[in-house]
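Sequence order for the protein chains is A and B. Note that UniProt numbering gives residue 82 to position 82 of the first sequence, counting from 1, and the numbers run on in steps of one. Note that UniProt numbering gives residue 20 to position 20 of the second sequence, counting from 1, and the numbers run on in steps of one.
These are calculated hints, taken from the structure and not from any lab test. Cβ coordinates follow ideal geometry from the N, Cα and C atoms, glycine included. Be a bit skeptical, because a hint or two may be false.
[Stated by the list, open to error] A short, non-exhaustive set of chain A residues, derived as facing chain B with CB atoms under 10 Å:
1) V87
2) P129
3) V174
4) A224
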Amino acid sequence: MIRLTDVHVRLGQREVLRGVTATLTERRVGVVGANGSGKSTLARLLNGLVLPSSGGVTVFGLDTRRHAARIRRGVGFLFTDPDAQIVMPTVAEDVAFSLRRKGLPREETERRVRETLERYGLAEHADHPAHHLSGGQKQLLALCSVLVLEPEILVMDEPTTLLDLRHSRQVAGVLRSLPQQVVVVTHDLPLLEDFDRVLVVDQGRIVADADPATAIGHYRKMMA
Amino acid sequence: MKGLTGAYVPGGSPLHRLPAGVKLAGLAVCCTALLLLRPPAALAVAAVVVAALYAVSGVGVTAAWAQVRPVRWFALALFGVQLVVADLSGAVSSTLRVVLAIALAGLVTLTTRTADLMAFLERCLAPARFAGLDPYRLSLLLSLTLRSVPVVAELATRVREAQRARGVERSPRAFAVPLVVGALRHADALGEALAARGLDD
Chain A
1 MIRLTDVHVR LGQREVLRGV TATLTERRVG VVGANGSGKS TLARLLNGLV LPSSGGVTVF
61 GLDTRRHAAR IRRGVGFLFT DPDAQIVMPT VAEDVAFSLR RKGLPREETE RRVRETLERY
121 GLAEHADHPA HHLSGGQKQL LALCSVLVLE PEILVMDEPT TLLDLRHSRQ VAGVLRSLPQ
181 QVVVVTHDLP LLEDFDRVLV VDQGRIVADA DPATAIGHYR KMMA
Chain B
1 MKGLTGAYVP GGSPLHRLPA GVKLAGLAVC CTALLLLRPP AALAVAAVVV AALYAVSGVG
61 VTAAWAQVRP VRWFALALFG VQLVVADLSG AVSSTLRVVL AIALAGLVTL TTRTADLMAF
121 LERCLAPARF AGLDPYRLSL LLSLTLRSVP VVAELATRVR EAQRARGVER SPRAFAVPLV
181 VGALRHADAL GEALAARGLD D
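If we strip away everything but chain B, and leave its shape as in the complex, we get (with noise of 0.2 Å):
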């Protein structure tokens, strides 16, 4: 969860200052080299090259390894396979590239204010409007959805505890009831309180 919406970690570095559309941008062609680096040693380097530019966005050591740590038994998985089907230089370069690549995501999320991705992707957007698609509101759909997440897994822990409390936590329609029930209930609160904030008007 905190991946998605908590990520961003207030700072002055040259990586926060950057326009937003310059970091994915720059994420993309770095992630292409990635896929491009075939040796193990060419990879170290651009493992020194990210872990460089961690130090350079000051997010300390605790937000880098939060970015990275939900894919650690993925990459574990991904490397003993790799080492049954390739061989070690095969297993360390693609594990490395997956690690890496996510790594450079989780710096831009977090050298960047969703408010000014949001702002970039409104105007990448912006050729929607040929089609009758409003992009303000596209992207404000992306941050209704950020906002969102954190809010329905709340309400799951609640739905769960309640079952709990109750004795019957092993039925999944017990779950998935009040859960549904739950998010429309607040999917119409939310599309009031957008009325009460005149957002049609």
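Isolated chain A (complex conformation) (with noise of 0.2 Å):
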């Protein structure tokens, strides 16, 4: 569960998010709005990459500000532009460095990370370069690495923006199948329709906060 209690973050001069309060504890939560609302933000905000300026952020119960460390081994964070995410030189490596904090034994690490890669599709890249991939096929690499550590909650930051339609509609199928709460910040409105909460960021506030029918109509009015 994530508690934001009005949370206003400054950046330099600007005041990015000005007082947002919400409860999420629906499985599907698609947060939408312009570009510069803020709402990259607030998906920053769920796993302590940010920290509010004044309010607060709880997840799990824990405070972002003292507990950075525990929640972030709880909530996985999928970025909009996949080479900054990928770390390693080959994908192999990259989903093994997510588990070199677990101590496992080395083969357990290479049986998870195989288990991984097979079940999106990317088992026969295993040994080869990420920068040898499809942009499709670097998102699912770090989707791989996010996954590989089964968080609780997933947090993904337009994740399909940089994708083609077959992609996008790849990663939307995975999204539908995790069984972990996701929160999807996007642009990408018909990824959202079967999502059980929308909420519409506008100028550092939550100015709507419905079902995705109701939601996404206010912010095509908003936008017209």
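Assembling the complex is the task here: the two chains are given apart, and the hints tell you how they should meet.
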């Protein structure tokens, strides 16, 4: 469970979030908003990458200010640009990098890496350099590296923005099959159709909070 | 670019199975031996040995050629200069020496996973702990460097394309500024991703 209480975030001179309060318990939560509305910052609050200037964020009942490390172990984060997220030269090594602190025996690490790559159709690329993958495959690899740790919550910041239709659909399919709570920031409105709840962010505030049809309707009217 | 990161060819040859440390030590010994070998005949034998090692590794001709190809012009120039300042046998041996050393080093990268090389380096760097350095971080730094080469190369291609589209391809500043800005932005994003993946936890 994620709880934000009157969160303000100031980055330099700019107040990016101005009093956000929300409790997120639903399994599928979408966040939409214009460029610069503060939605990416909102996503980064959920795993302690950004800390509130005032107000508070608790995840699993823990404050992100004091327990960022604990929270990050339970909250996976997928970025828009997989190139920034892939830190190891080859595919299997990048997934294994996620497991390095687990203290698993080498064979167990290899088994988990292989299983995860197989599940998302990257098994044949295990030993390939990450830069030989297509953009969509890179995003799947970034997702593998997050999911191999079996996080309880997954936060995604525009995961399909750089992908073609086929890979967006694949990511959407993966998203649907995940058992964990997922919070997705996106411009990809069809992705949110079967979500449980959608928040609309504008100028640092939540201006609508409803089921997808209502919230997206509001957003479309706002952007017209 | 590929020589740096795209080199590993999966396989089950004896060379693949050797520990990374043994291969690196072997490489050092062989390169020293190459330096000490004088007669061209001895170097010819060495060339046969290197070719045999490549055959054992089963990496294929394309991968083998890719290791030596980047230095072909350099080797040619070296041969030419040596021919002038020394003699034919000197030119043959010094050129062969350089090419064989590079081929051997390439063979190590072709048959060793980056992760295994990094793990070995991490063990070698363990004494750095006493100087207050974290060996894990040092080896991670090397991995990140390897990973960043293709990313920055791609960035450079994109910047060059953008310049060409705007017709300012001859300005070095118009190339350097966006490249540096892009690289710094990538560094920021990478730092954020490392934090999200629990590096500092």
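A quick look at each hint next to the structure:
The closest approach between the C-beta of A/V87 and any C-beta of chain B is roughly 6 Å, which is under the 10 Å cut-off, so the hint is satisfied. Hint status for A/P129 relative to chain B: holds, with the closest Cβ pair at about 4 Å, below 10 Å. For the restraint placing A/V174 at the interface with chain B, the shortest Cβ-Cβ distance is roughly 19 Å, beyond the 10 Å limit, so the hint is violated. Using the Cβ-Cβ criterion of 10 Å, the hint placing A/A224 at the interface with chain B is not satisfied: the shortest such distance is roughly 32 Å.
Hints 3, 4 from the earlier list are contradicted by this structure; the remaining hints agree with it.
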